[in-house]
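2 protein chains.
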Amino acid sequence: SVNPDLASERQMASFSVEKLTAWLDGGAEHTRMRRAVVEAIERDPVFSRENQYFQSQNERYEAAVRKAVHLQEKMHEMGWTENGPEFKYIYRAVSGDIAFLLHRIFMRSISVLGSDKQIAKWMPLATQYQLIGSYAQTELGHGTYLQGLETTAVFDITTQEFILNTPKISAMKWWPGDMGRSATHTVVFAQLYVHGKCYGVHPFIVQIRSLQDHSLCPGITAGDIGPKMNFEHIDNGYLMLQNVRVPRENMLNKFCEVQPDGTYVRWGSQKINYFTMTTVRISLISDEVVIPLMKACTIAIRYSAVRRQSKLKPGEQEAKILDYQTQQEKLLPQLAAAYAFHLTNNYLQELFKKGYSEIQKNNFDRLPELHALSSGFKATITQYCTAAVEICLRACGGHGYSLLSGLPSLYTKILASCIYEGENTILLLQTARFLIKCFMAASAGQPVPPSVTYLAAAKPGKCPAKNKLDFLSPDIYTEAYQHTAFRLISSTAAKLQDLIQSGVKKHDAWNQCTVQLVQAAKAHCHYITVKNFAETVEKLETKAGIQKIMKHLCDLFALHGIFSNTGVFLHDGYISGAQMDMVTALYLDLLAVIRKDAVPLVDAFDFTDKNLNSALGSYDGQVYQRLYEWAQKSPTNKQMSPAYERYLKPLLHNTLSKL
Amino acid sequence: SVNPDLASERQMASFSVEKLTAWLDGGAEHTRMRRAVVEAIERDPVFSRENQYFQSQNERYEAAVRKAVHLQEKMHEMGWTENGPEFKYIYRAVSGDIAFLLHRIFMRSISVLGSDKQIAKWMPLATQYQLIGSYAQTELGHGTYLQGLETTAVFDITTQEFILNTPKISAMKWWPGDMGRSATHTVVFAQLYVHGKCYGVHPFIVQIRSLQDHSLCPGITAGDIGPKMNFEHIDNGYLMLQNVRVPRENMLNKFCEVQPDGTYVRWGSQKINYFTMTTVRISLISDEVVIPLMKACTIAIRYSAVRRQSKLKPGEQEAKILDYQTQQEKLLPQLAAAYAFHLTNNYLQELFKKGYSEIQKNNFDRLPELHALSSGFKATITQYCTAAVEICLRACGGHGYSLLSGLPSLYTKILASCIYEGENTILLLQTARFLIKCFMAASAGQPVPPSVTYLAAAKPGKCPAKNKLDFLSPDIYTEAYQHTAFRLISSTAAKLQDLIQSGVKKHDAWNQCTVQLVQAAKAHCHYITVKNFAETVEKLETKAGIQKIMKHLCDLFALHGIFSNTGVFLHDGYISGAQMDMVTALYLDLLAVIRKDAVPLVDAFDFTDKNLNSALGSYDGQVYQRLYEWAQKSPTNKQMSPAYERYLKPLLHNTLSKL
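From first to last, the protein sequence lines are chains A and B. Going by full-length UniProt numbering, 366 is the number at position 366 of the first sequence; the sequence numbering is gapless. Going by full-length UniProt numbering, 568 is the number at position 568 of the second sequence; the sequence numbering is gapless.
If we strip away everything but chain A, and leave its shape as in the complex, we get:
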């Protein structure tokens, strides 16, 4: 039975939830396919995540391996393929809680960096899991700066082998998933040396464990790096190499080769490869960032609709916490952000699809822009969504702090996305470098890529809004964002030039501007997100109430961004203090409007209870019942504590006589 406090929320919906779901999925046929996949997965007990919050790191790893192996059978049984349309729904249905994700990267490395011969040798084995691969790039001492990797691969002309070594502790490979306990093979990135000359970092296939008994191969030291904030199911590992020899054929050689006599040859363009790496940052946005935020919003908003605490009106029943303005101000902007970034993701997917077809025609013109966008959006979206999940967690008070709410694991997992696949600050500085270049080019009258054409024309001036409701115009707020991005980019470019002209060395000048460069890059991405949201809403069909509610969310996202960053809009007087008061008033008004549709808006994300795996967020809203039932399953309740016999009994045993 559905909690009446939740049922009543659903009756108020101003739009068709089913239609919104279909729109989010990209069409009703996708919704059907997704639901079919989810049903098949959830019906199968092997994929259950029921006891996840009670399991140790060892148990989580065991389960993840079991699931990964079983998934292969399942996919065969269902006729699903790795490259089929179902795959993303499978990943969503298992919530990423499976092993061998790095095995996939191992395979991709071979298919992208390997020759046809190498592909023919390794891919059939990998595809059938007759070996288990990993991807060993990061070292204890080196993450972002690949050129600094210290692992070496020296070509031995006499044996036609490469000799691999991690010559010091900081060179030890550290973090690769699936490597700590599972992998038999890995792709090791190492500095290639031939005849004493260094040719830079290259990839080598290295066997690390015996295929007979899984023991470590000679010269290999490897293991698990121990507990992390999340990812208990993954055996992130370490790897030391001591004079490990691999045949010459094990260097992945699609783009270059060491010939038998030691001649180093390089050919072809690596630009497509470079593009592939860039797309990884885009591919994680949906699965690892936006979907987790959607889950967090679902949990926190459903909970806020059934949790009653304190009174809004004296004499009345205790109020739903969702009716407090402060609670709305915590949660509803995060809900709007989930929709905003879902649409940004669509925009980026589209852009990269176009980019890929251009690149296949050997046109690499848009590569710098795509790289800048993928870096900037990876950083801004992971950062925003991580903060948003944390807000959702905190907004649920004590119950949010329980692992059973599902929120802590969402938070500790999404947090990692700010670090992996490029640390966010580094990525934002790459975007900033692109923006500064474009700004200089635009100032000199040269053409610039489409996403930055606004840098060509400074539009000084003031925001034209006369009254509060003017700020509901997407033109008004989009231009405010554009103006701000322009100002931050141009003023930082000016500072940089001033410093250099005053004699500061280029690299020092750059370092002295980096705090402001990061701000500028963020402002650029924020602007594009708002612009894309507004443009998407404009194109929506007006039926079923969907355009109307999306317009509200778009307004809220945009105004919340201004309300939370008033300084950058006020700084040069583009928005005045009086106008900012209008923004604030309108923003607070909008909270009350969207609050009415808050539950339907999270229902539209269409998560099953099993997928949410939250005692607070279930569709029926029976929060207290579920917390109690789940807590009883905890191993802490499974046995009389040995602590009693050992420590407490001696203290307590003669108290009775004194009471």
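The hints are simulated quantities; they were obtained by calculation from the structure and are not laboratory data. Model, not experiment: these values are computed from the prediction. Do not rely on the hints blindly, as some may be mistaken.
[To be verified] Cross-link-like lysine-lysine pairs, in silico, BS3-like; alpha carbons within 30 Å at most:
1. B/Lys658 with A/Lys117
2. A/Lys271 with B/Lys311
3. A/Lys466 with B/Lys254
4. A/Lys548 with A/Lys468
5. A/Lys197 with B/Lys311
6. B/Lys320 with A/Lys506
7. A/Lys168 with B/Lys633
8. A/Lys462 with B/Lys466
9. A/Lys495 with B/Lys596
10. A/Lys505 with B/Lys610
11. B/Lys610 with A/Lys413
12. B/Lys649 with A/Lys88
13. A/Lys320 with B/Lys168
14. A/Lys311 with B/Lys197
15. B/Lys468 with A/Lys459
16. B/Lys88 with A/Lys649
17. B/Lys468 with A/Lys117
Position chain B against the provided structure of chain A, taking the given hints into account.
This is chain B only, laid out in the frame that chain A set:
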């Protein structure tokens, strides 16, 4: 051997680290005492936290009980007492990682709320741990709103007993520490009913487990609430009561009593009790909030001084990440905040000491102010420091994400401080209510408490700074903070009055202002923090370079606050855009200045390696060595994984023939 990259940092110190430590401790004699306590604790293997990051919830609980029991013996052996000056150092030395903290609250409840007779009966037993107490207030359905508690205690005149019940699932007690597995007794807060009339919430001593065999008493259902984000060592519990009878004497009756005939009598003033509850919020600031932030800064800053990544200058060695402006901008403001809040804590301790002596003279005049300050500072300091610890964690990249860094557990623990002892938003609104009242009184020419006298005199106008260096004047920035707090309080008061005058009901008007009221309360606390920091620095001795470096930190804290909240200062033009550019430039300059002393400034916090328990933060800076050594101890490396035999072997066993 100390990592040379760290050793060189220490040689640069512009001040005496030992003198700064003594100043932080409140005198060299305190430093000596603290070190003696820490040494005694750390020499004792029972208190070791060496394997903490590898332990399960069950193992953490066992260890915490063992430590708590052992601590009693230790204290006896060392001649330390619970109320002695050593106690705070003991708590710091064990990092709060012991059981029976709620037993202490149980004792305090009895001593504060119990009659002399009750104290005489229960306290000797509790002091000697011949029973183990807990404190059962929060329910599944009720946290912040105490009046809403649903547990009942009905007086049965025929047997002279109270009959306790948790009549529905939301009434179940939930969260009390030490209750899930350890406690034999607890103080239950329940609605008192006599002759069918409700007299509100009262405390009752209830036995929940047998003193003979620790089994649950009749009518009692209790257990552990399961896994949480942290606090694995604490058995937070649930408790259901079904017609549990306790004698009339078990209602704590210092202030009121149910007489044998059912007459309810109330006497005396509960104001001292109220004051005691208020002080709890202050007492947690140092141990649970500021010290953890100091630890996080120590870890992140030492790591940043030995981690080298990428190049600042082409052709040079890779740079220490602490030399990047973006890294300085992440960490140094958090370091300044740790010092700022340490001083705020001193200020509050002093204030409450004075307040207590006034109250003992039956002068309750300052109670509302103390309550407002304790609420506001509990909320702002926990919030600020939680965000700060998260920044430290993220600033360490992947290695910060490993539990072995110590940062994840600092973060997941400090996060709880935003929720317990009063949820922060609720607390800020209590502070705001006080501020609005004082503003109205001040506007009407009535006297107001010392901390809010600035509300009496609006000083409209502009910031008088003419050039960048003017912003190094504490008068300039303190007045800017004061102006901002005044503006936010007065404008919200005006909005509130406008709404009410336009016919909105009082409680609705209040709700519609709460987002802004929270901002106003934060601004007030921020202002007092800056003011107190500046005043403290002014009074410092100039010798040993301490005043100079503290002045830098104070400036940084103040300017960082403006730089991160530019909007509130720009809004009415108090600070102009041009002045804000000066603030930004000066702020960025200061980062480079403080960077030179960053390591000595964290060394002064004087944490031992055992106390930090971090592979990244040790005094010698041997980060990679330690990560590797610790990882090898992980249980994930202790055995061949069963997953190999079960799932992998069948896949891999016939691969050999194909390679």
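We went through each hint and held it up to the structure:
Between the alpha carbons of B/Lys658 and A/Lys117 the distance comes to roughly 15 Å, so the proposed pair stays at or under 30 Å and holds. Between A/Lys271 and B/Lys311 the alpha-carbon distance is near 24 Å, which keeps this suggested pair within the 30 Å criterion. At roughly 63 Å between alpha-carbon atoms, A/Lys466 and B/Lys254 are farther apart than 30 Å, so this suggested pair is violated. With a C-alpha separation of about 19 Å, the suggested pairing of A/Lys548 with A/Lys468 holds against the 30 Å cut-off.
Proximity of A/Lys197 to B/Lys311 is assessed by CA-CA distance (about 22 Å); at most 30 Å being required, the pair is judged to hold. This hinted pair checks out: B/Lys320 and A/Lys506 have alpha carbons roughly 19 Å apart, not beyond 30 Å. Under the criterion of a C-alpha separation no larger than 30 Å, the hint pairing A/Lys168 with B/Lys633 is consistent with the structure, at around 21 Å. A distance of roughly 26 Å separates the Cα atoms of A/Lys462 and B/Lys466; the hinted pair therefore holds under the 30 Å criterion.
With a C-alpha separation of about 24 Å, the suggested pair A/Lys495 and B/Lys596 falls inside the 30 Å cut-off, and the hint holds. Distance restraint check for A/Lys505 and B/Lys610: the Cα-Cα separation of roughly 43 Å exceeds the 30 Å cut-off, and the hinted pair is therefore not satisfied. The hinted pair formed by B/Lys610 and A/Lys413 meets the criterion: a straight-line CA distance of about 28 Å does not exceed 30 Å. Our distance criterion of 30 Å between C-alpha atoms is met by B/Lys649 and A/Lys88, whose separation comes to about 28 Å.
At roughly 19 Å between alpha-carbon atoms, A/Lys320 and B/Lys168 fall within 30 Å of each other, so this suggested pair holds. Distance restraint check for A/Lys311 and B/Lys197: the Cα-Cα separation of roughly 22 Å lies within the 30 Å cut-off, and the hinted pair is therefore satisfied. Between B/Lys468 and A/Lys459 the alpha-carbon distance is near 29 Å, which keeps this suggested pair within the 30 Å criterion. Between B/Lys88 and A/Lys649 the alpha-carbon distance is near 28 Å, which keeps this suggested pair within the 30 Å criterion.
Using a Cα cut-off of 30 Å, the hinted pair B/Lys468 and A/Lys117 is violated, with the two alpha carbons roughly 66 Å apart.
Violated hints, listed in ascending order, are 3, 10 and 17; each of the other numbered hints is respected by the structure.
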